[in-house]
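Asker: Residue strings, one per chain:
There are 2 protein chains.
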Amino acid sequence: MDTGDVFDPNCPTRVVLDRIGDKWSALVLLCLVGGPMRFTKLRERIGGVTPKVLTQTLRAMEQDGLVTREVFAEVPPRVEYALTDLGHSLHGPMAAVATWAEQNVGQILRSREMHS
Amino acid sequence: MDTGDVFDPNCPTRVVLDRIGDKWSALVLLCLVGGPMRFTKLRERIGGVTPKVLTQTLRAMEQDGLVTREVFAEVPPRVEYALTDLGHSLHGPMAAVATWAEQNVGQILRSREMHS
DNA sequence: CCGTATCCCTCAGGATACTG
DNA sequence: CAGTATCCTGAGGGATACGG
Chain A
1 MDTGDVFDPN CPTRVVLDRI GDKWSALVLL CLVGGPMRFT KLRERIGGVT PKVLTQTLRA
61 MEQDGLVTRE VFAEVPPRVE YALTDLGHSL HGPMAAVATW AEQNVGQILR SREMHS
Chain B
1 MDTGDVFDPN CPTRVVLDRI GDKWSALVLL CLVGGPMRFT KLRERIGGVT PKVLTQTLRA
61 MEQDGLVTRE VFAEVPPRVE YALTDLGHSL HGPMAAVATW AEQNVGQILR SREMHS
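Respectively, the protein sequence lines represent chains A and B. Numbered by my numbering, the letters in the first sequence go through residues 1 to 116 in order. Numbered by my numbering, the letters in the second sequence go through residues 1 to 116 in order.
Simulated from the structure, these hints should not be mistaken for laboratory data. Backbone N, C-alpha and C fix where the C-beta goes; we use that ideal spot for every residue, glycine too. Careful: at least some of the hints might be erroneous.
Listed below are several chain B residues computed to face chain A (Cβ distance under 7 Å; list not exhaustive) [to be verified]:
{"no.": "1", "residue": "Pro12"}
{"no.": "2", "residue": "Leu17"}
{"no.": "3", "residue": "Gly21"}
{"no.": "4", "residue": "Gly34"}
{"no.": "5", "residue": "Gly35"}
{"no.": "6", "residue": "Met37"}
{"no.": "7", "residue": "Gln56"}
{"no.": "8", "residue": "Ala60"}
{"no.": "9", "residue": "Val79"}
{"no.": "10", "residue": "Ala82"}
{"no.": "11", "residue": "Thr84"}
{"no.": "12", "residue": "Leu86"}
{"no.": "13", "residue": "Trp100"}
{"no.": "14", "residue": "Glu102"}
{"no.": "15", "residue": "Ser111"}
Okay, derived cross-link-like pairs now, DSS-like style, lysine-lysine, Cα gap no bigger than 30 Å in a straight line [what the hints assert, rightly or not]:
{"no.": "16", "chain 1": "B", "residue 1": "Lys52", "chain 2": "A", "residue 2": "Lys41"}
{"no.": "17", "chain 1": "B", "residue 1": "Lys23", "chain 2": "A", "residue 2": "Lys23"}
{"no.": "18", "chain 1": "A", "residue 1": "Lys52", "chain 2": "B", "residue 2": "Lys52"}
Which bits of chain A does chain B cover? Going by a derived footprint, with three or more residues having C-beta under 8 Å, they are [unchecked claim]:
{"no.": "19", "segment": "20 to 27"}
{"no.": "20", "segment": "35 to 44"}
{"no.": "21", "segment": "51 to 64"}
{"no.": "22", "segment": "69 to 78"}
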């Protein structure tokens with residue numbers, strides 16, 4: 001696989017950025033790093049996400065092999081989402097971005113204000 | 001530093017992800033890591049970007065203090081874009097994501113195919 | 001060469017309501 | 001509890017043409 005074609009729309013970085021760059025995926029990832037979590041709990045921890053969109057996000061992440069979905073045949077129903085190994089391995093790079101963000105967001109916001 | 005407000009819409013990670021998660025910013029960053037570059041050269045290296053959108057992207061990055069824009073009063077006109085120190089410092093985390101992407105995109109695409 | 005000016009259009013995401 | 005089912009809005013981004 002060629003690793004240099006960052007300008008190809010199908011390049012690895014594009015694919016990954018399209019996933020973690022959406023509005024909720026990164027948040028789901030960070031929620032699940034601590035361990036499996038069920039649907040409603042995810043909704044609570046991630047403020048402002050509607051069930052439809054949360055489902056969409058989880059389905060997409062499942063399709064990409066980042067999370068698993070396990071249904072327990074109980075009453076009331078219980079569905080647990082968990083990170084796969086692949087999902088867990090993504091946490092490292094994400095944490096790097098998060099750390100940079102925390103350290104530099106102040107400068108960005110100040111710069112944004114100045115140019116307004 | 002508080003690392004717990006990841007669920008606030010104004011949280012650092014959100015702000016940064018909204019920037020580098022858009023369609024062209026990451027590509028511009030990767031272009032400029034090698035040194036300053038002028039507008040048309042950027043257009044050429046980044047395939048498929050229209051001048052309007054490239055300008056939008058560059059203006060946004062300039063606003064956020066990631067790039068500088070220097071106009072040379074020449075004929076024909078010349079405009080060079082370069083990364084600021086802040087912009088350069090973002091390359092580390094981005095490279096971490098890119099490396100992960102290159103190593104794991106195969107698995108993602110395979111998983112995507114299986115679930116289709 | 002380096003953009004702006006328009007127009008257009010898709011689609012991610014939100015609001016709301018309902019169900020197995 | 002864990003989702004679907006609809007409907008809708010807006011912002012990001014593309015096509016094309018023109019201007020300093």
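Asker: Which hint numbers does the structure go against, in order from smallest to largest?
Answerer: 4, 5, 6, 7, 8, 9, 10, 11, 16, 18, 20, 22
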